[in-house]
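Just so you know, the protein sequences line up as chains P and E, in that order. Taking our numbering, the leading residue of the first sequence gets 701, the next gets one more, and so forth. Taking our numbering, the leading residue of the second sequence gets 701, the next gets one more, and so forth.
The hints are simulated quantities; they were obtained by calculation from the structure and are not laboratory data. Warning: the hint list may mix true and false statements.
[Said to hold, decoys possible] When the alpha-carbon atoms are kept at most 30 Å apart in a straight line, the in silico DSS-like pairs for lysine-lysine are as follows:
no. : chain 1 : residue 1 : chain 2 : residue 2
1   : E       : Lys968    : E       : Lys793
2   : E       : Lys767    : E       : Lys949
3   : P       : Lys823    : P       : Lys726
4   : E       : Lys726    : E       : Lys823
5   : P       : Lys767    : E       : Lys767
6   : E       : Lys823    : P       : Lys949
7   : P       : Lys927    : P       : Lys969
8   : P       : Lys823    : P       : Lys985
9   : E       : Lys976    : P       : Lys726
There are 2 protein chains.
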Amino acid sequence: MRDFDENNITAAVIDRFQNTPDPRLKRIMTSLVRHLHDFVRDVDLTEAEWAQAIAFLTRTGHTCTDKRQEFILLSDTLGVSMLVDAINHRFSKNATETTVLGPFYVENPPEAALGANIGVGVKGEPLYLDGSILSEDGQPLANAEIDVWHSDTEGFYDVQLPDLSEPSLRARFHSDAQGRFRFWTILPRYYPIPYDGPVGDMLTATARHPYRPAHVHFMISADGHEKLVTHLFVSGDQYLDSDAVFAVKNSLIRDFERQAPGVAPDGKKMDTPWRKLHNDFVLAKAVAKKSVPAA
Amino acid sequence: MRDFDENNITAAVIDRFQNTPDPRLKRIMTSLVRHLHDFVRDVDLTEAEWAQAIAFLTRTGHTCTDKRQEFILLSDTLGVSMLVDAINHRFSKNATETTVLGPFYVENPPEAALGANIGVGVKGEPLYLDGSILSEDGQPLANAEIDVWHSDTEGFYDVQLPDLSEPSLRARFHSDAQGRFRFWTILPRYYPIPYDGPVGDMLTATARHPYRPAHVHFMISADGHEKLVTHLFVSGDQYLDSDAVFAVKNSLIRDFERQAPGVAPDGKKMDTPWRKLHNDFVLAKAVAKKSVPAA
Chain P
701 MRDFDENNIT AAVIDRFQNT PDPRLKRIMT SLVRHLHDFV RDVDLTEAEW AQAIAFLTRT
761 GHTCTDKRQE FILLSDTLGV SMLVDAINHR FSKNATETTV LGPFYVENPP EAALGANIGV
821 GVKGEPLYLD GSILSEDGQP LANAEIDVWH SDTEGFYDVQ LPDLSEPSLR ARFHSDAQGR
881 FRFWTILPRY YPIPYDGPVG DMLTATARHP YRPAHVHFMI SADGHEKLVT HLFVSGDQYL
941 DSDAVFAVKN SLIRDFERQA PGVAPDGKKM DTPWRKLHND FVLAKAVAKK SVPAA
Chain E
701 MRDFDENNIT AAVIDRFQNT PDPRLKRIMT SLVRHLHDFV RDVDLTEAEW AQAIAFLTRT
761 GHTCTDKRQE FILLSDTLGV SMLVDAINHR FSKNATETTV LGPFYVENPP EAALGANIGV
821 GVKGEPLYLD GSILSEDGQP LANAEIDVWH SDTEGFYDVQ LPDLSEPSLR ARFHSDAQGR
881 FRFWTILPRY YPIPYDGPVG DMLTATARHP YRPAHVHFMI SADGHEKLVT HLFVSGDQYL
941 DSDAVFAVKN SLIRDFERQA PGVAPDGKKM DTPWRKLHND FVLAKAVAKK SVPAA
């Protein structure tokens, strides 16, 4: 086949994928080519714009390190991450709602004992967070794996701080026999997603702000249940209605209650004001997954 | 705005681009979001597939160096480069047809005198290539800038050979007062696009071969004319009908004529068989360009 023009080239490229052994991969590549070509035709993309797109994607790749994931940031800011999240979590409304993973999750965070303070030495308003991990029928889930991570009061995650050698404001807990968890940390603040790279340039060029409302990330896994990736958002935050990554759900906004100095639920004596949040997470029962293509 | 679902999130993301100062960029981002979201919905993308896509794009970025452009390769193998080429060259049929730039062009190749041999010391069948640069009305274009590059007989470009410190099979010529050019090189061979990276993995997973039919690249610029980016393909090549990057046009296939030992057109005495190609290039008159967005 030769001599393709702007109309027949799409069918020619799709035809080239006809021998793909994995039917799921074939379907994905076919749809990708169709939509990608439709986009290029729709905007009548110039060669200079194509070159800009190549340069943008290359810079985005070069910005990715073991501590920064610029492509996830791009997916987040284009609403793709939340769309994928929505498509994959058509669960019962009894389960806690999901939201984006974000680019700051680190695999295998340090294990911490229940009740530990994951913000030792970090400036900020102390926060006591406890609750239970439950199944949809209200049964407590013992030994659930609970990964927690969030930003400091300046809006930075530990991996963004070059002077920090240890993980901070990041840990893995396991729920006790009654499905309960509890820990100390500090109240997070709203923050900008990293905007010193290509995604930041895209936001600037399109007059978008880079801010996310304050939140604590959770990733919770328990046998026989869907992994829950979610946040709890701090009520009253000025960016709840314009989250740069479209991730806010009303069901995930919480009042992180202000407490006067006194005695905390775990008996700790507090000399300064602090915050308290009690929150139960409900995990959906596991559903069968589609297979994943090999490439 | 909060609580987006898989249907209303697209409008919400597009709305976020409403204040983009550059109307062209606004149009591109709007169309990109619409088509990207449609793709995700069409295939019901799983979270594992999304993570694979992020990892694939990241690897593609990390594979890009100053000598290798994996995103151009991806664009080429998905037919996007040829589609962009077609959209941007709706010129008169009198002009020489265009085809892809490819990932091996290097800016500002070494200047060479007309008649020079750009394949000194490179093994291969000698090739004498000459012709004229013309406008659509047949006028010769003097002092046209003619960039030439191609692979060796093993199928490698100079930038792929780590032991090579000097450019090879790559040069910039300028046409003479009569619009003519001439140079010596060697006959190129078909070759695989680099397939040791993510694009190669994509081709393998989809049972596609990585080969391109033998060709010589040209990029030709002359005042008042559209820049011409094209190849001349060697007739009879086994990959003319299945070029991995969809770039073959019948009008660009040439008989690189076999010659017996004897005297070449420039008087050079040839002791071994060699090849000859006389080819005129016709440049389209310059057309006004759309503006390019700033980001």
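The hints, checked one at a time:
For the hint pairing lysine 968 of chain E with lysine 793 of chain E, the CA-to-CA distance comes to about 36 Å; that exceeds 30 Å, so the pair is violated. Distance hint between lysine 767 of chain E and lysine 949 of chain E is fulfilled; the C-alpha atoms sit about 27 Å from each other, no more than 30 Å. Simply put, lysine 823 of chain P and lysine 726 of chain P have alpha-carbon atoms about 52 Å apart, too far for the 30 Å limit, and the pair is violated. Taking the CA atoms of lysine 726 of chain E and lysine 823 of chain E, the gap is near 52 Å; set against the 30 Å cutoff, the hint is violated.
As the CA atoms of lysine 767 of chain P and lysine 767 of chain E are separated by approximately 26 Å, the hinted pair is consistent with the 30 Å bound. Of the supplied pair hints, the one linking lysine 823 of chain E and lysine 949 of chain P is violated, its CA atoms being roughly 66 Å apart against a limit of 30 Å. Under the criterion of a C-alpha separation no larger than 30 Å, the hint pairing lysine 927 of chain P with lysine 969 of chain P is inconsistent with the structure, at around 35 Å. Annotation: proposed proximity of lysine 823 of chain P to lysine 985 of chain P is violated, straight-line Cα distance about 39 Å (limit 30 Å).
For the given pair, lysine 976 of chain E sits about 43 Å from lysine 726 of chain P by alpha-carbon distance, which is inconsistent with the 30 Å threshold.
Hints 1, 3, 4, 6, 7, 8 and 9, counting from the list given before, are not met by this structure.
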